[in-house]
Amino acid sequence: MNSHEITFNTNLSDPIRTRADFIYKITPILIYITDTGLGLRPVTDGIDAVLRKIEHWHQGSIAAFRNMYRDEHGSWNGVRWDDQCASVFVLCEADEKKAMAKLLRGN
2 MNSHEITFNT NLSDPIRTRA DFIYKITPIL IYITDTGLGL RPVTDGIDAV
52 LRKIEHWHQG SIAAFRNMYR DEHGSWNGVR WDDQCASVFV LCEADEKKAM
102 AKLLRGN
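Be aware that the sequence shown starts at 2, since it is given in our numbering, and climbs by one per residue.
No wet-lab data here; the hints were simulated from the structure.
There may be inaccurate statements among the hints.
List time: in silico DSSO-like cross-link candidates among lysine-lysine, alpha-carbon distance up to 30 Å [what the hints assert, rightly or not]:
1) 26 / 103
2) 54 / 98
3) 54 / 26
4) 98 / 26
5) 99 / 26
Computed Cβ-Cβ distance ranges for the label pairs, DEER-style [as the list claims (entries may be wrong)]:
6) 39 / 89: 16 to 22 Å
7) 99 / 62: 24 to 30 Å
8) 38 / 93: 15 to 21 Å
9) 99 / 60: 30 to 36 Å
10) 98 / 24: 17 to 23 Å
11) 60 / 31: 16 to 22 Å
12) 27 / 88: 16 to 22 Å
13) 38 / 107: 25 to 31 Å
14) 95 / 60: 32 to 38 Å
15) 96 / 61: 29 to 35 Å
The beta carbon of each residue, even a glycine, is placed where N, CA and C say it ideally should be.
Work the whole structure out from these sequences, hints included.
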């Protein structure tokens, strides 16, 4: 190989796997996760894997973000994440803006 060649490592580790199917969006302070209902498990049951997958895609910690997700029943709830363990707390809002307001107030 000469000094102008570039090589790539194709033996990357396996991607994070989750049985939940979801979509998400990120703002500068908040991550919104929506369960599509198409997975083998709901996001509620696999939230740790879902957050790890988002970290994998973004190649870094998301612990500084506030997190909320819409479950398979259409209700928004909050998630605390410390890069190792997730804990879910009830916002119990069908309206995204009301849920976000509760989340940012700390309720």
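Hint check results:
The hinted pair formed by residue 26 and residue 103 meets the criterion: a straight-line CA distance of about 18 Å does not exceed 30 Å. The suggested pairing of residue 54 with residue 98 holds, with an alpha-carbon distance near 25 Å, which does not exceed 30 Å. Note on residue 54 and residue 26: the hinted pairing holds, with a Cα-Cα distance of about 13 Å set against a maximum of 30 Å. Between residue 98 and residue 26 the CA atoms are separated by roughly 14 Å; this keeps the pair inside 30 Å, and the hint holds.
Simply put, residue 99 and residue 26 have alpha-carbon atoms about 17 Å apart, close enough for the 30 Å limit, and the pair holds. For residue 39 and residue 89, the Cβ-Cβ distance of about 21 Å falls inside the hinted range of 16 to 22 Å, so the restraint holds. With their beta carbons about 28 Å apart, residue 99 and residue 62 fall inside the hinted range of 24 to 30 Å. Our hint of 15 to 21 Å for residue 38 and residue 93 holds, since their Cβ atoms are close to 19 Å apart.
Checked against the hint of 30 to 36 Å, the pair residue 99 and residue 60 passes, with Cβ atoms roughly 32 Å apart. Our hint of 17 to 23 Å for residue 98 and residue 24 holds, since their Cβ atoms are close to 18 Å apart. Look at residue 60 against residue 31: about 19 Å separates their beta carbons, and that is inside 16 to 22 Å. Checked against the hint of 16 to 22 Å, the pair residue 27 and residue 88 passes, with Cβ atoms roughly 20 Å apart.
Look at residue 38 against residue 107: about 29 Å separates their beta carbons, and that is inside 25 to 31 Å. Between residue 95 and residue 60 the Cβ separation comes to about 33 Å, which falls inside the hinted range of 32 to 38 Å. In this structure, residue 96 and residue 61 meet the distance hint of 29 to 35 Å, their C-beta atoms being roughly 31 Å apart.
Checked against the numbered hints above, the structure violates none of them.
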